[in-house]
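Q: Residues per chain, in single letters:
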Amino acid sequence: SQKIEQNSEALNIQEGKTATLTCNYTNYSPAYLQWYRQDPGRGPVFLLLIRENEKEKRKERLKVTFDTTLKQSLFHITASQPADSATYLCALPYFNQAGTALIFGKGTTLSVSS
Amino acid sequence: ETGVTQTPRHLVMGMTNKKSLKCEQHLGHNAMYWYKQSAKKPLELMFVYNFKEQTENNSVPSRFSPECPNSSHLFLHLHTLQPEDSALYLCASSQDLQPYEQYFGPGTRLTVT
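Protein sequence lines, in the order shown, are assigned to chains A and B. Residue numbering for the first sequence follows our numbering, beginning at 24 and increasing consecutively. Residue numbering for the second sequence follows our numbering, beginning at 223 and increasing consecutively.
Isolated chain B, as found in the complex (with noise of 0.2 Å):
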């Protein structure tokens, strides 16, 4: 398989579950990122990994759990997520960080009920 896949592709989950979204990229690259995209609203960066090394925490809630096993997955663990934090999560690679350009996986669509 090649480029960035994500999984699960759609997730509904109550407030009080637990939850992981899994990315995997193909590429061999070295820096991955989560980003959220609400409805009318810009990409909005949440992590940064280069190296499996977290460079960036972009004022992310706690409810929200990164990990960075190794350079080709990203995990994103949810708990006690709010009905606002449903949105398209999306995770991308790039070879290092800037000014590669980004590779995107097709997202998660996580609605929160």
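Only chain A is shown next, with the shape it has when bound in the complex (with noise of 0.2 Å):
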């Protein structure tokens, strides 16, 4: 069955650094991944959407990339600020004969230091 890896629980840096975080993925070939940031208590929000055909997606300080053939995807953050302190989660679809629907990794909480 298809498997997602964030594996990094928690990411602890200095504000100003750039936040990298990982997403890896098993028994799947998915078209597309999306990144959703979390904070306490809230439901996800979405930040960005890459195919499996674009190799990098940027929006403002962040920036996605999508490797099919190490079945991995980077999520950076760069010139980090406190209030990018949240969990950030990958998510990718998955089909079946009902249709398709999201997987979500466990996430990553990132934690930015002033």
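One or more of the hints may lead you astray.
Stated by the list, open to error - Think about it this way: if two alpha-carbon atoms lie no more than 27 Å apart in a straight line, the pair counts; the simulated DSSO-like pairs of lysine-lysine are:
#, chain 1, residue 1, chain 2, residue 2
1, A, Lys129, A, Lys80
2, B, Lys263, A, Lys86
3, A, Lys26, B, Lys262
4, A, Lys129, B, Lys240
5, B, Lys244, B, Lys274
6, A, Lys94, B, Lys274
7, B, Lys241, A, Lys94
8, A, Lys80, A, Lys40
9, B, Lys244, B, Lys262
10, B, Lys262, B, Lys274
11, B, Lys262, A, Lys129
12, B, Lys258, A, Lys26
By construction, these hints were calculated from the structure, which means they are not laboratory data.
Can you join these two chains into the complex? Each is in its own frame, and there are hints to help.
A: Quick look at the structure:
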């Protein structure tokens, strides 16, 4: 069955540094991948979607890469700020008889200290 | 009101109670979802509705009963729950089924005593 791993439960970095979060998957060839941000006690918020034919995608200080050979996506936040502290989730589509839905990783909790 | 709203935000219920969670989306989306989020676990998909029709039941116990009267409203009816059902229940919507991004509500924090 499909499996997603976000291999760091927690990541602590200093303000101004670049945070890099990893999402690995197995038994799977997704057509795209999504990243979400979740703050404590809140629902996830969509950040970026990257398709299998896109190597890299950017949005302001965020950058996502998608390596279908390594079966890995990297999520970067440059010039990190304390306000970036949150849990970041990657999600991939899965397909079954009923249609499609998303499967989420456990998330990586980022803490940015000033 | 914009986005996806959920009520109540917090709910404490006994194992013999019957309660309902409500979700409403104001985005004109066609697909709606229920997820369960427990501590230290990834989001678990429970149900998917597309154009009011259920397209996914992810082996959810029958003590959880969804209802989707129209594309804007989604309910989760709860009865005879167990303490292990305590979790954050999240509703989401998307324009259609994937690859569209999902918009989540704030969730209902459910505690079963």
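Q: Decide, hint by hint, whether the structure agrees.
A: Now the hints, each set against the structure:
| no. | hint | result |
| --- | --- | --- |
| 1 | A:Lys129 / A:Lys80 | holds, 22 Å |
| 2 | B:Lys263 / A:Lys86 | holds, 26 Å |
| 3 | A:Lys26 / B:Lys262 | holds, 16 Å |
| 4 | A:Lys129 / B:Lys240 | violated, 30 Å |
| 5 | B:Lys244 / B:Lys274 | holds, 15 Å |
| 6 | A:Lys94 / B:Lys274 | violated, 35 Å |
| 7 | B:Lys241 / A:Lys94 | violated, 42 Å |
| 8 | A:Lys80 / A:Lys40 | holds, 20 Å |
| 9 | B:Lys244 / B:Lys262 | holds, 25 Å |
| 10 | B:Lys262 / B:Lys274 | violated, 32 Å |
| 11 | B:Lys262 / A:Lys129 | holds, 7 Å |
| 12 | B:Lys258 / A:Lys26 | holds, 18 Å |
Comparing the model with each earlier hint shows violations of hints 4, 6, 7, 10; every other hint is respected.
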